[in-house]
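Undergrad: Residue strings, one per chain:
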Amino acid sequence: DAGVTQSPTHLIKTRGQQVTLRCSPKSGHDTVSWYQQALGQGPQFIFQYYEEEERQRGNFPDRFSGHQFPNYSSELNVNALLLGDSALYLCASSLVFGVQETQYFGPGTRLLVL
Amino acid sequence: DQQVKQNSPSLSVQEGRISILNCDYTNSMFDYFLWYKKYPAEGPTFLISISSIKDKNEDGRFTVFLNKSAKHLSLHIVPSQPGDSAVYFCAASQTGGYQKVTFGTGTKLQVIP
Numbered sequence: 001d002a003g004v005t006q007s008p009t010h011l012i013k014t015r016g017q018q019v020t021l022r023c024s025p026k027s028g029h030d031t032v033s034w035y036q037q038a039l040g041q042g043p044q045f046i047f048q049y050y051e052e053e054e055r056q057r058g059n060f061p062d063r064f065s066g067h068q069f070p071n072y073s074s075e076l077n078v079n080a081l082l083l084g085d086s087a088l089y090l091c092a093s094s095l096v097f098g099v100q101e102t103q104y105f106g107p108g109t110r111l112l113v114l
Numbered sequence: 115d116q117q118v119k120q121n122s123p124s125l126s127v128q129e130g131r132i133s134i135l136n137c138d139y140t141n142s143m144f145d146y147f148l149w150y151k152k153y154p155a156e157g158p159t160f161l162i163s164i165s166s167i168k169d170k171n172e173d174g175r176f177t178v179f180l181n182k183s184a185k186h187l188s189l190h191i192v193p194s195q196p197g198d199s200a201v202y203f204c205a206a207s208q209t210g211g212y213q214k215v216t217f218g219t220g221t222k223l224q225v226i227p
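Sequences listed follow chains A and B, in order.
For reference, each letter of the first sequence is one residue, going 1 to 114 in our numbering.
For reference, each letter of the second sequence is one residue, going 115 to 227 in our numbering.
Excised from the complex, chain A in its bound form:
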C-alpha cells in the first residue's frame, strides 16, 4: 500500500515564475491538506481540499491556489514566485471524518526560488 506520494522531489524556479506541485493521497483517503515548511520553521497550513473544493485556508495569499481531482489527488499552484516561497511543501492525506493523527504526510517537494 503506497503512502502519500509527491512530485517532483526537488524544483528550482526563478522569481516571477509559476509552479505546480502534485500529491497522490494514501489509498482510501479522500482529503488532502498542504503545508509549507520554511527553513528552521514548523510546517504551516496552507489549505485543505475535500470533494474537489477548498474547505479551509490558512494565512496565505491568493498566489497560492489548489485543485483536487476526482481520484482525490491534488495540485498546489503558486504564481508570481517570491524568494520567500523557497520551502519544503508537504502534502498530507486523511479521511474527512478522521481525527488529526490520521493525517499521513508525504516526503515533500523542496522548492528553491532564485
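Hints in this document: simulated from the structure, not taken from any laboratory.
Do not take every clue at face value.
As the list claims (entries may be wrong) - Pairs of lysine to any residue, SDA-like flavour, derived with a Cα cap of 25 Å:
| # | chain 1 | residue 1 | chain 2 | residue 2 |
| --- | --- | --- | --- | --- |
| 1 | B | K151 | A | L39 |
| 2 | B | K222 | A | R110 |
| 3 | B | K119 | B | P227 |
Said to hold, decoys possible - Partial pick of chain B residues on the chain A-facing surface, computed with a CB cut under 7 Å:
| # | residue |
| --- | --- |
| 4 | G157 |
| 5 | F160 |
| 6 | F203 |
| 7 | Q213 |
| 8 | K214 |
| 9 | T219 |
| 10 | G220 |
To be verified - Residues of chain A placed beyond 12 Å of chain B at every Cβ, according to the derived structure:
| # | residue |
| --- | --- |
| 11 | Q18 |
| 12 | H67 |
| 13 | S73 |
| 14 | L90 |
| 15 | L95 |
Nothing here was measured: the structure is a model prediction, and the numbers come from that model.
In this text, a Cβ means the ideal position worked out from N, Cα and C, and glycines have one as well.
Assemble chain B onto chain A, guided by the hints.
TA: Just chain B, lined up with the frame of chain A:
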C-alpha cells in the same frame, strides 16, 4: 504570531536516559495536541497525542504530559534510543477544525550511543 512554541532547537541525550521535549502554546482554543517525529527526507509521522480533558497519555516509551493552566506540554522518552534521533514537532488543533494542525518550530533530538 507563533501560537505553538518549542524554545529548544536542539537536545542531546545519552542512550538509555530520559529525553524531555517541551512545548508551549498561546491559543486557548486548542484542545488537542500531537507530537510528530520527522527524519530527513521524510514527512512528519504521528507519534502520540493528548486531549485537553487528560493530563497524561502514555504509549510504550513515550509519555505526553499536558498542563492546561500553564499552556504547556512535554514529551518524555524513556529510555532514549539512537533510533529516536530526529526532529520532534509539537502541534495543536481544535476539535472541529477540519484536522488543521498548527506546528511548533521543532526540536532536534540527538541520542548519543
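Undergrad: Could you work out which of the previously given hints the structure breaks and list their numbers from low to high?
TA: Hints 3, 14 and 15 are the ones this structure does not satisfy, whereas the remaining hints hold.
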